[in-house]
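There are 2 protein chains.
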Amino acid sequence: MDFKFKIVTFAVERILDQMEQEKIILITNDDGIISKGLLSLVEVAKSFGRVIVVAPDKPQSGMGHAITVNHPLRMHTYSQFEHVEAYACSGTPVDCVKLGIYEVLNRKPDLILSGINHGENTSTNVLYSGTMSAAVEGAMEGVVSVGFSLADFDEDADFTLAQLVVKKVLEWVLKNDLPIHTCYNVNIPKIESSAFQGIKFARQAYAFWEDRFDKRWDQFKKPYYWMTGEFKDLDQQEDTDLWALKNGYASIVPTQFDMTDYKALETFKTQHL
Amino acid sequence: MDFKFKIVTFAVERILDQMEQEKIILITNDDGIISKGLLSLVEVAKSFGRVIVVAPDKPQSGMGHAITVNHPLRMHTYSQFEHVEAYACSGTPVDCVKLGIYEVLNRKPDLILSGINHGENTSTNVLYSGTMSAAVEGAMEGVVSVGFSLADFDEDADFTLAQLVVKKVLEWVLKNDLPIHTCYNVNIPKIESSAFQGIKFARQAYAFWEDRFDKRWDQFKKPYYWMTGEFKDLDQQEDTDLWALKNGYASIVPTQFDMTDYKALETFKTQHL
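So the protein lines, in turn, are chains C and G.
Heads up: the first sequence is residues 6 to 278, going by this note's numbering.
Heads up: the second sequence is residues 6 to 278, going by this note's numbering.
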């Protein structure tokens with residue numbers, strides 16, 4: 006092997022090394038591909054690896070862990086992100102994760118990110134949230150995943166503080182050897198950066214929606230209903246995500262998908278029905 | 006007070022007692038209000054209390070914990086069940102539970118049932134399942150709730166064994182003082198009644214969908230995708246719902262909605278990001 010050939014081989018090896026080391030980051034959200042929160046997340050994530058976006062082509066809030074099984078899915082390239090491969094998908098956030106892994110990438114990414122959601126996803130909202138369900142789907146696939154939500158529903162919300170939190174969380178995620186099958190629910194309060202207290206690990210608070218249906222009448226005198234209601238925090242402890250947000254912290258809740266109630270199982274497992 | 010008046014008072018008190026003791030049972034499903042599985046569940050539940058049905062007006066499989074927040078909901082009376090108050094709703098199974106409690110009943114029922122689903126909802130399918138998400142919503146409301154699923158997708162499936170299991174589970178549920186905030190995921194195998202081994206408490210198995218997208222082309226030469234794939238059981242233990250079903254048992258998994266990964270939280274909670 007002559008010297009020139011050795012140099013070329015070495016250069017090729019280095020390029021391959023770098024390619025291998027570059028993290029593949031799949032990003033989705035539930036507010037839709039044109040939302041400011043998604044753009045804010047993409048901007049930060051770009052400095053941590055190669056970003057691929059597969060996001061809903063329309064708002065998919067409240068879709069929880071829904072998947073599209075009774076209709077076909079559509080997916081179109083989307084060229085509005087600078088130097089980022091992106092696709093708009095007709096389905097839910099969980100559909101987007103599945104399409105991203107099994108159709109676009111044909112491999113598991115190193116990281117799945119979801120958000121930044123316009124509106125918080127603390128407490129039991131994790132179950133209704135398309136943002137967090139995408140992250141949970143990532144955990145089911147064994148990929149470290151993080152959902153980000155800002156406690157501000159405004160479509161032109163200020164994501165400055167949220168972007169700072171994303172950066173800190175991604176630094177933490179990438180420097181630690183985290184368990185697979187766990188994802189992270191990060192919520193950022195709507196406060197001035199100067200009042201920000203830091204990022205606090207927390208558990209999911211117990212709260213629920215006391216719903217109310219706003220009954221109205223259409224032009225044919227037929228009724229229709231808008232779901233509304235009040236979120237009831239029934240958890241007064243200081244180790245919850247709701248407490249953290251109320252006290253100027255961003256919360257980070259390690260989240261998993263085994264819904265077995267092991268305490269109840271222990272009580273009942275010897276019973277015969 | 007004369008004797009005649011005493012007799013009347015006694016009779017009225019007994020009637021009031023009985024009315025109070027009659028359980029209010031809210032039923033929904035995700036296959037839609039006209040499905041055979043729902044009718045099979047209603048038939049059994051009727052002998053345990055007053056049944057009210059609020060079920061989707063069309064199939065809502067795979068809707069997970071989705072709720073309808075960006076569109077109004079419709080709800081119509083449905084008169085095809087004998088002596089049962091019933092409503093067909095344009096929303097998801099979780100919408101149906103919310104409408105049932107907050108609009109139809111204006112109180113919490115004593116019991117929420119969901120199913121009987123055409124197709125099993127074992128393992129991580131609990132997250133995708135509209136049937137089970139309705140039960141989880143019930144648990145969030147503090148109502149004892151059970152989701153039933155039969156491992157048979159056929160729309161004319163034989164629900165004889167499933168009805169037997171429903172009866173046994175309802176007897177167990179109503180005679181025990183069960184924890185609130187826990188619901189039950191009951192899956193029934195597709196086997197002959199003679200081969201049935203009984204009902205076994207179990208935990209949610211770890212399994213996931215290795216998806217595949219069937220890419221096709223429409224009349225305009227544009228692509229569309231059908232979600233398909235293979236369910237991978239990665240859990241070889243004998244205490245899971247998948248094991249129970251494979252071995253001739255119906256499984257019952259106590260299920261809760263706190264998705265916090267407490268083990269990971271314990272590891273990380275003192276870390277500063």
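Mixed in with the good hints there might be a few duds.
Any copy, or any two copies together, can satisfy a pair, since identical chains are not distinguished.
[What the hints assert, rightly or not] Below, simulated DMTMM-like cross-link-like pairs (lysine to aspartate or glutamate); rule was C-alpha separation at most 25 Å, straight line:
(1) Lys274 / Asp263
(2) Lys220 / Glu90
(3) Lys180 / Glu235
(4) Lys268 / Glu243
(5) Lys268 / Asp238
(6) Lys237 / Asp219
(7) Lys268 / Asp115
(8) Lys195 / Asp182
(9) Lys268 / Asp240
(10) Lys172 / Glu271
(11) Lys268 / Asp244
(12) Lys28 / Asp161
Honestly, the hints are just simulated from the structure, not real lab data.
Could you work out which earlier hints the structure fails to respect and list their numbers in ascending sequence?
3, 8, 12
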